[in-house]
Every structure is written in structure tokens, then in C-alpha cells.
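A.B. asks: The hints should help you fit chain B onto chain A, whose structure is shown.
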Amino acid sequence: MSQAYKILVVDDDPYILMSLEFLMRKTGFNVTIARNGTEALELLETYLPDVVLLDIMMPDVDGYAICTYIQQTPKHTDCKVVFLSAKSKEADIQKGYDLGADLYITKPFSNKDLVSKITALLD
Amino acid sequence: MNNWIIIACALMYLVLLFAVAYFAEFRLKIGKSVVNNPYVYALSLCVYCTAWTYYGSVGRAATQGIDFLTIYIGPTLGAALFFPVLYKIIRITKAQRVNSIADFISTRYGKNSSIASVVSLFCIIAVIPYIALQIKAISISLDVLTANSLPESSTIYITLVLAVFIIIFGTRSVDATEKHEGMVAAIAFESIVKLVAFVAAGVFVTYGVFGGFSNVFELAEQNSDLQQLFTLNGEHGYMSWFTIMMLSMVAVVFLPRQFQVGVIENIKEEHLKKAIWMFPLYLLVINVFVLPIAFGGKLSLPSSVDADTYVLAIPLFFKHDVLSLAVFIGGFSAATSMIIVETIALSTMVSNNLVMPILFSRQGFMNTVDQSIRQLILRVRRFSIIVILLVALLFDVYIAQYFSLVSIGLISFAGVAQLVPSILGGLFWKSASKNGALTGIIVGFLIWFYTLIVPALVNTHIIDNHVLLNGPFGISWLNPQALFGLKGFDSITHSLFWSMLFNCVAYFWISLYSKLNAQEIFQAQLFVDIDTYNLQEQNIMWRGTAYMPELHTLLSNFLGQTRAQNLIQNYAARHKIDLQSPKADPRMVYFIERILAGVIGSASARIMVSTVTKEDEISLKEVFQMLQESQQLIELNKELRKKSNELTRASEQLKEAYTKLKQMDEAKDEFLYTVTHELRTPLTSIRSMAEIVYDHPDLEEAQRQQFLGAVVKESERLSHLITQVLNLEKYENGKQSLHYTSFDFGKLVEDVSTSFALLAKEKSIVFKTFIPNSMLLLRADKDLLQQVIVNLLGNAMKFTAEGGAIKVNVVEENEWVHVSVSDTGKGIPLEWQPFIFDKFFQAINQTVKKPVGTGLGLAICKRIVEMHGGSIEVKSELGKGAHFRFMIPTFVTNLPS
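Same order as they appear, the protein sequences are chains A and B.
Numbering follows my numbering, with no gaps: position 59 of the first sequence is 59.
Numbering follows my numbering, with no gaps: position 3 of the second sequence is 3.
Okay, chain A solo, but in the shape it has when bound:
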């Protein structure tokens, strides 16, 4: 990897956030975290990540809304969106892709699997 990709990890569960932050950093990404939807939207005002790792169910703003925002904002045109959610229904997954997500990974996930999918997406 010539240049460190910028990744934004959004999840309201502190433990999941903790492990994701560790994983992504170990992979060599430049990691920024957001503990809820509002924080994520605030960050996205100025921060231009290459990929966003997005939980769906959060207490304030849900992941779908954030994804929609990213898709509609010109400066985030190149930003990839990866949903990471415990919602495993076909309809929920379809909705994620319909909103323009690049990947939809269900929880719980395998670390190796997750990392390889995200790197594949970026390369």
C-alpha cells in the first residue's frame, strides 16, 4: 500500500468500535472513529475518507441516513460505503445496496474476512 487509506468507522457499540479501530489500524489504514450518527455527520463535513464502515442501528441518526448523505454529497463521490450490521434480513441488505453501498457485511464477522474484503474493495 503506497499511501494509507483513510477510513471512518461508525458504530455506537463501544466494544465493537474498539476492535474495529484496532483491526483497521493494524491493517495500515488511517483510522477515524465516530461513536454515533451525529458525530459521523459532523466529521464528514470536513473529513474526506476513502471508505466508511457503517453500523445501521444507532440511537440518533441511522446508518442508512448517513449513507444517503454520502451518496448525495459531491465531495464524497469517491468514498466507498461498507455497511456492517446485525440486521441480516434480505430486505435490509437490499435496502443498503439500493442506497448505494459498496458492501454489506453482517455481524458477527470474521476479522480476516472483513479486512480482506475491504482491502479488495479499495485496490
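Calculated from the structure, these hints are not laboratory results.
Computed from a predicted model, the values in this text were never measured in an experiment.
Any given hint might turn out to be false.
[As the list claims (entries may be wrong)] Here are the computed lysine-lysine pairs in the DSBU-like style, where the Cα-Cα straight-line distance is at most 30 Å:
#1 A/Lys89 with B/Lys668
#2 B/Lys660 with A/Lys95
#3 B/Lys273 with A/Lys89
#4 B/Lys319 with A/Lys89
#5 B/Lys747 with A/Lys112
#6 A/Lys89 with B/Lys655
[To be verified] Which bits of chain A does chain B cover? Going by a derived footprint, with three or more residues having C-beta under 8 Å, they are:
#7 14 to 27
#8 70 to 83
#9 86 to 96
C-beta: ideal position from N, C-alpha, C; glycine also.
C.D. replies: Showing chain B alone in chain A's frame:
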């Protein structure tokens, strides 16, 4: 005005009538009837307003004052009072295929042909002068318009054109019960024309000649001649007011033409509902300008002008040619509509009830009946139309001059009124007999003739004058104008009093002492209880032997091969009758008789059918049995309908149950999905962190500890969640039984509170408990109740920010324990409150999830409280904290466990 223009207008108007009638029949042919609607029906009823009302009511108002109102008030009251009667008559008429008022009466009284003939004859005698009156109105209005410059014969030509119209649109089909839609459309059209013309004349007089209503009435009041017109002090005052009102009340239903448009031509009985207010409304509107025109004529025209012609004379006087012509056409339409309908009604009666019975009674006629009978019937009807109009014309020319305009109308009304006792009695009184009805009608009619027609004939010098002075043969109590010495009444009231008295008495008296025959009893039942009997299907009042080919030929003779074939086959198909068997089914015989009744009247139909069949005498016992069977069948039908309703209901309930089950199934799926979803979150952290520790042996010790600590925490969360789900399932399934122990509930709350008080202190939350000092003995499941309190306090702690307050309150009251937990947290939105006790409420209802917790705590609380027979509720306002309260019974308080 040029006479030719006037004649051309009248003829053009008649052409227009033809066009309207053709148009209506054309629409009927393409299946888009214009007549099949309540408005046309209501307008057709307005044929009541003849030229007599159009011209005559102004004349009457100008001479007798408000007396003229009676002929409008009567029908208005009649519309309301006769509503149920008319309903019944229409229903019977449709069921029995009645085709005239005479046929109606004869059908009611055992399909007797003599009563049909008598009624028809009397109707003709009573009504022909009335038709003559219309012709007279046309000729008078023509005279006024042309200042007597037209030859007398012009009326004859107009009458001839009318005869053509009536023949074309009135005798199209041999079946007299078939609707004459073209004719009805023309009548409805004429009703609009006469209303518009009359109102136009009224507006012209009121606002054109005078300065509005108040102006006319003020001027009239100042005129001493007109003053008395405002009061009820006519010749015979109140008495005649009452009589005319009653007369016109019955006239509006029972005059042959009213019966024709109101009953025979009625397409749907629902149309009556609208007509019941539209018809009186029409009368109201056409009335508004009667007094202004009457006063206007009196005030502005020379006294030589006949008040009966004011409507036309005023616009003429003021040289308003177009309006005069319009008013003339209006009056013309009023006259022609009456002539058309009345003549059709009378011609049906003449052919069916007078000519046919005579033909039928001729030796050997029955054997010669063949296809030509249809043409014969139609020819008889057409011929009778011409004869009726001719007689009316003759009456107009030679006799009418001896009668006053108004009196002809009222005399007609009084004659037709003689039918009323037999009709009304026949509708509601089963013991009414044919003999009673026949005698009543004849007696009433003779008295009517003697007291009203004879005095008029004296004027014509046919009868010597001294009859009126000293009575016939010098017997003074037989004086036609003071019968039995009765004086002081006006002539109409006098006549009506005696004729109706004798009519009613004869009708009731003879009915009471008559022995009814089977046919009479049967028809009485069908008329009086029309809604009880299903005439079409079951009531076959016929026994005997008949052969299909003969019946078929009979029907074909009257209706034509194709139509007869269609009717018979349809009926056979509908009632599953085998047409192959040569012997006719009794139902078929009865059906054919009813079809024939529509053509030639029920009495003649009866005779016709009896000639081609061999009939068995039906005993009275059998009649009653038949009626009873029919009633039983109807009961059975009712029962069946009830059963089928029950079945429908049961199937609906099943459907409902199925939907409910399906919903429950879906809820279960949803619950499972939510549970697995809730399990996934801690599992995600555990797996991910475990993998990290496993994959990175070089991890710093502190970090490893952090991850492993988290794994432990999340494992605990996972097992807690699983326990809760299992618990809830147990409670909900009823598998969990309560382990009752007696314990101090106050102490339990205190113990739980103590551990929360410590937590509160850390978050700087004020924590207060109010628990009674005395022992609060409760018999309940201690562990479960502890869980409830822990859950509620846990929630309160979660949602209360630093510096807030939590309050626990326990009270015992009337053997119930009330516990409340309130906090100063952010509260619960009102729209959520009904659902917060549902499982995973927040998880299910939105993608935004609950900040902390499993989503099951409150659901578990609710189940536990309910298992104890108590209830739980929440009160909360957004931003003002939440207030949870539950209450449970103390049950066996103060008792040893």
C-alpha cells in the same frame, strides 16, 4: 299578431312533442332510458296541472280569492298521506300486471269483469267532460290570442294531430302494462314548458307591470273589491274549502291519468321517494304568481275581460307578443298533456273492459281467436281513442257552454272519488267483497249523476226546470240540489256528502253480509298482504288440465310468435319446467294468465285461459291451504337466509381467526429475528476481540487485558439476554408458576434500593425512598417481584443524567400495594407510551435502537405484575422524566405462610 304564426307555433310545438317522444323511445331502444329516473317520474305526475289549473286558478283567485289554493294544498297533503298507499298500489300493480284503475279494482275483487266494465264506463262518463274542458281551454286561448279571428275548426285540427300522437305513442304495443316511455318523456317535457311559461307571465305582471309583490298586494288591499279576496268567505266558505281540498287530495292519485303516470308508468318504486317532495315543490312554484296575476288582471284590465284568461290577456294587453305566445304555448302544453294521458288511460279501459268482454261473450268468438286478435285489440284501442276525443269535442261544442269552467273539473273529481272507498278498502280490508264494491260504486255514481249532472242538464233544457224547483214529480225531498232536504251546502259538497255516504254504507254493509268466492279470497290475500306473498313463484291459484300447445297458441295470438316463445322459454328455464310434456304445469298456466292480464285485463284474461283449459273447482279449504303453504315457503326462505347469514358470519370469524393466527405467527418470526439480532451485537464483539487476541500474540498486556475484559463483559451481557428471553417466554407461555412466599415487601424494596443508592451516589443522583416503617406483609413470588423493582430502578438509573433525582414510593391501600418509581430523565414521547411494554419495542419500531439494555425489561415487568393480578402503567412527558407505577394485591396479608 299574425294568425298563421300562432297556428305554426302550435303545430311546431306538437312536432317538438313528437321529437321528444321519439327521442325517448330511441334512447330506450339503445338501452339508455331517459324516463327511468325519479325526476322525469315526478315531472310526469305534474300532468295534474291541466289547463284548468293554468288558466282557471287565476280566474278562481280573481273571483273567489284564496279558495284556489285548495286544489294545490290537497295534492300536497295527498303526496304525504298517500305515500304508503301508493307504494302498495305500485307493488300490487307490478305483481299482478294491472293496466288501468278499472283493472286494478276488478283484479282485487276476484278478477270480475262486470266490475271492470262498470268502473270503466263511469270513468269515461266522469272524465270525458274534463277532456272537453281542455279542448275548450285551447279554443278559448286561441280566441283570446287571435281576437276571435280563427275559424272554429282550428281546434278540431289540433285535436286530430293530438289523436295521431296518442295513437303512435300510446298504442305501440298490445301489452298495456308496457311502459309508454315516449309519451311519459313528452309529458315531463310539457310539465317544464307550462311551469316556465306561467312563471314568466307571473314575473312579467309582478315586476314588469307592477313594482314587485308588495306593490301588487298593497294596491289590491286598497281596492275595496279585491279586499275580500284575502279571506275565506267564498260562497260557502269553509265547507267548500274543505270539500275541494279532500277531492283534489284523492284526485292526485285516483284520476285515471294520475293512476296512469303514477302507477302504471312507474318504472321503479324508489322513484316515489323523490317524487314525494318534488311534486309538491312544483305545485308550490307554479302557485307563487297566481295571486299577483289575478290582482294584476283586476287592477289593470277592463272588467269585461274574463278572469279565466288573465294569464294570457295581460301580456296581450301590454302588447308583449313573444310573451303572449309563450303563455299560450304553456297553456297549450297543460291541455295537451292532460288530453294525451287521459285518453290513453281511457282507451285501455274501453278496449279491455267494455269492448273485449262483449266480443268474448259472443257465441263462437272464442273459436275464431287467432293471430289477428292483436291487430283487433290495437284497432279497438285506436278507434276508441278517436271516439273519446270525438265525444269530447262534441261535448265541448254542444254541452260545455252550459257548465262553468271550474265546475267541470270538480264534477270529474267527485265522480272519480266514488272509486276511492273500494280501492282503499280493498288494500286493507280482506273481507271486502265484489258485491259490496260494485254496489257502492254504482250507488255512489248514480247519486253523483243525479245531484251534479242532472242540474247541469237542466241548463241545457234537456230536463225541465221544475225538477230543480219542486223536485221530480213534485217530490221535494228528491230535489237534486237539496236531496232529503239537505240545504246550505254548495252543490259539490252536497253531492259528495250523499254519494260518499251511500257508497261507503253500501260497500261496507254488503261486504259484511257477502259470502266470498275462492278467487275473491285469494286476491284479497294477495292485495292486503302483498309483502307476505311471493306472487311470482308460489301462489298458483289454478287446478286442472291444460295442454301446452293450446296455451302457446293463445299467447302467440296476443303477443306474436317470437315474444310468446321467448316468454314461455324464459319462464320454463327459470322455474325448471319441462316444456316437452304436453300437459302444462299449473305455474305456466298462471304465468300465461298474468301476461294476458297485462294485455286485456285480468277479467278477460281469466276468461281466455279458461276457454283453452279444463279447470277444476277449487274449494275454499284448498285456497287457504295454498296461501298457508306459500306463507310457509316464505318462512322457510327466511330460515334459509338466516342460516346462510350465519354461515357467512362463521366463515368471516374463521377468516378473522386465521388472520389473527397469521399475525401471531408473524409476530413470533419478528420476535425471533429481533432476538437473534440482539444476540448478534455482543457476539460480534466477542468474536472479533477473541480473534484479535488469538491472531496477535504480541499484543501489549494492557491491551490484551482490555480486550479480554470486554469479552467477559459481553459474554455476561449475552447470557443475561438469553436468560431474559427464556424467562419472558416462560411467563408468556404460562409455563412459569409463581412460587408464593410471605415476605416483607417493604424490606425487599429497601434492599434493592440500597444497592442502587450507591450507584446513584457515584452519578451524583439524588435517590429517595418512601417506604412504610411497619411491616408490609405480602404473599407473592419474591424473586420475580425483586426483578420488577430492579428493572424499573435500572431503567431510571440509565436515563437519569448527573444531578437528577430518582424517587421510590411504596404505599399500601385497601389490600393493594402501590409502587411508583419516578426519575428526572428525558421522559418518553407520548406516541411511544402505549408500546413501551412490548417486547423489543424500540428495536422493532425503528432503526434507531435503545441506548442500553435488552428491550425486554419492561415487557418482563408487565408480565410479572399481571401474573400477580396487578397492573402497571407509565406517565411521562418528554423532558420531564418518567413515572412508572404498578399495583398488586396483597392477597393473604397478615397470614402466616
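A.B. asks: For a quick check of understanding: which of the numbered hints are violated here, in increasing order?
C.D. replies: Checked against the structure, the hints that fail are numbers 3, 4, 5, 8, while the rest are satisfied.
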